[in-house]
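Asks: Given next are the chains, with one letter for each unit.
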Amino acid sequence: MTYFGKIFYGIKTLWTGMKVTGGYFFPNITRKKYVITRQYPDEPAVVFPRFKGEVVMWHNENNEHRCTGCQACEIACPNGSIEIIWKREVDPETGKKKKMLDQHIYHLSMCTMCSLCIQACPTNAIMWSTNFHNATYDRGLLTKVLNKPGSKLMAGVEE
Amino acid sequence: MLSINIFQTWLEQTHGIWYVLVLAGIAAIYLGFFAVAGLMLVYLERRVAGYFQLRLGPNRVGPWGLLQTIADALKLVSKEIFVPKMADKLLYKAGYYIVIIAALLALAVIPFARQIQALDFNVGLFFISAVSSVGVLGILIGAWGSRNKYSLIGAMRSGLQMISYELSAGFAIIAVVLMSGTLKMTGIVEAQKHTWFLFQGHLPAIIAFMIFLISGTAETNRVPFDLVEGESELGAGFHTEYSGMGFAFFFLAEFINMFIIAALGATLFLGGWLAPFGITDGLPAQWLWGIIWFLLKVFVLIFLLMWFRWTFPRIRIDQLLTLEWKYLLPIGLVNTVIMAWMVWKDWLIHLG
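Chains R and P, in that order, are what the protein sequence lines are. With numbering that gives the first Met the number 0 as the guide, the letters of the first sequence map in order to residues 0 to 158. With numbering that gives the first Met the number 0 as the guide, the letters of the second sequence map in order to residues 0 to 351.
Just chain R, same shape as in the assembly (with noise of 0.2 Å):
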């Protein structure tokens, strides 16, 4: 390339990249056509729906969850974050003593979002919720039981 060849070349590919920014900057004064920055206490926040906020147990409209109480997901959590507390009552279809869950506690703050638990669980009792406004001023607050209170366990996910 010839020295002008070289200046005039050198004009034209800076004025391509004035294009591109000017090109971005002009439409976003005047509409703000491109700006991707999302306001969020004024706009609700989009998160995507892998995205891993806490554990929760899934429970249908008749208040019934999947738990059997197995202890799985505790044996599996590394750091201790969930601990089960089960009981031994008389089941009313056939009559016999059964374990059952009685509390599902679940500690946020020590919880890593590791997943291990999840995988562990042979029901697919718990799973992940996307919810990430966990922000407390209280500790104790972030300990959580997962099972909502009266309810029992689905037919049929024990056989």
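Since the hints were made in silico from the structure, they are not lab data. We put the CB at the ideal spot given by N, CA and C, even for glycine. Some hints could be false.
Label pairs and their in silico Cβ distance ranges [what the hints assert, rightly or not]:
1) P:S231 to R:T111: 31 to 41 Å
2) R:T111 to P:L66: 39 to 49 Å
3) P:R59 to R:V19: 24 to 34 Å
4) P:G180 to R:I6: 25 to 35 Å
5) P:A48 to R:I104: 45 to 55 Å
6) R:G79 to P:E79: 41 to 51 Å
7) R:V19 to P:M209: 39 to 49 Å
8) R:I28 to P:F81: 21 to 31 Å
9) P:G31 to R:T142: 56 to 66 Å
10) R:D101 to P:R59: 12 to 22 Å
11) R:R49 to P:M155: 46 to 56 Å
12) P:R45 to R:T142: 41 to 51 Å
Counterexamples of contact, computed for chain P against chain R with all Cβ distances above 12 Å [what the hints assert, rightly or not]:
13) A48
14) F311
15) L322
Once you have looked at the hints, place chain P on chain R.
Replies: Just chain P now, with coordinates in the frame of chain R:
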């Protein structure tokens, strides 16, 4: 304090107390302008950068985020001014004062409108190009005084860049001086009464304008010529060791230097305070219209500099020197000769 007293007594005895008061008032106005313009330019830069990068920029503090930089300045005032243990205290502190004084001196000869100018003497343009290269001295001794290898490397690059690009900036200015025939700032503006110098001198004036913009960007150490700071290589370059207001002074001076380069460009090539085609000539409050037109032209140029900054990547030091010594300087030289020929033959465009 003694030396100030002697100076004050001398001023009062020779010129009278009112002269001293007026002088102090003008100084206060310029300092106020320095601070306000600096802060507003920082705000503008961040906002423009936001829109270039598909963001919004500061928009929370005050209406449209206008008070954001003032909040930042208050934060910087409240911060500790840290001086490194092994630093040369005197040079370390002298650094930012020299940078600011150089910027303020250059500001003094900028004509904002007819009669609105602190100093209007017959070598104004020469004065501005002399003073604007003093700023690099502040950068050099501040970096030397802070005893940091990154500071020193940054400052040496700054010196190198200044020495190189002063030349082509000088040739661009000479092209204008050839047309105007004077170094006086008001004289240069008055000579553009009918046609701006950008259009008066055909292609050579446009080439001179482009060279001026490139070397002006380099002299203010802005991207793509910000090897002086070079965050990824040198920490923060010459102001690595500065904190609080020391850092803020350097930062403000950088933005005021950008304003000065844009103001110089507007005065030399775009007709300073003159309205385009004289559209506001008959109206009252001519000084106000002058300031409005001047600031408008300055902001167009500042926007152009910001556009450069948010488009081009930083260049390497050898590319920097190649651009100056192999391209800008020879072109500037030939351009000046052509301009002199044109002025001699009187081939300039004079409308009206």
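Asks: Give a verdict on every hint.
Replies: For each hint, the structure was consulted:
1. P:S231 to R:T111: 31 to 41 Å: 33 Å, holds
2. R:T111 to P:L66: 39 to 49 Å: Taking Cβ atoms as reference, R:T111 and P:L66 lie about 41 Å apart, which means the hint holds.
3. P:R59 to R:V19: 24 to 34 Å: 29 Å, holds
4. P:G180 to R:I6: 25 to 35 Å: Once the Cβ atoms are compared, 30 Å apart, the range 25 to 35 Å for R:I6 and P:G180 holds.
5. P:A48 to R:I104: 45 to 55 Å: 49 Å, holds
6. R:G79 to P:E79: 41 to 51 Å: Since the Cβ atoms of R:G79 and P:E79 sit about 43 Å apart, the hinted range of 41 to 51 Å holds.
7. R:V19 to P:M209: 39 to 49 Å: For P:M209 against R:V19, whose Cβ atoms are near 20 Å apart, the range 39 to 49 Å is violated.
8. R:I28 to P:F81: 21 to 31 Å: 39 Å, violated
9. P:G31 to R:T142: 56 to 66 Å: At 57 Å between Cβs, range holds.
10. R:D101 to P:R59: 12 to 22 Å: 48 Å, violated
11. R:R49 to P:M155: 46 to 56 Å: 51 Å, holds
12. P:R45 to R:T142: 41 to 51 Å: 43 Å, holds
13. A48: 10 Å, violated
14. F311: 6 Å, violated
15. L322: 9 Å, violated
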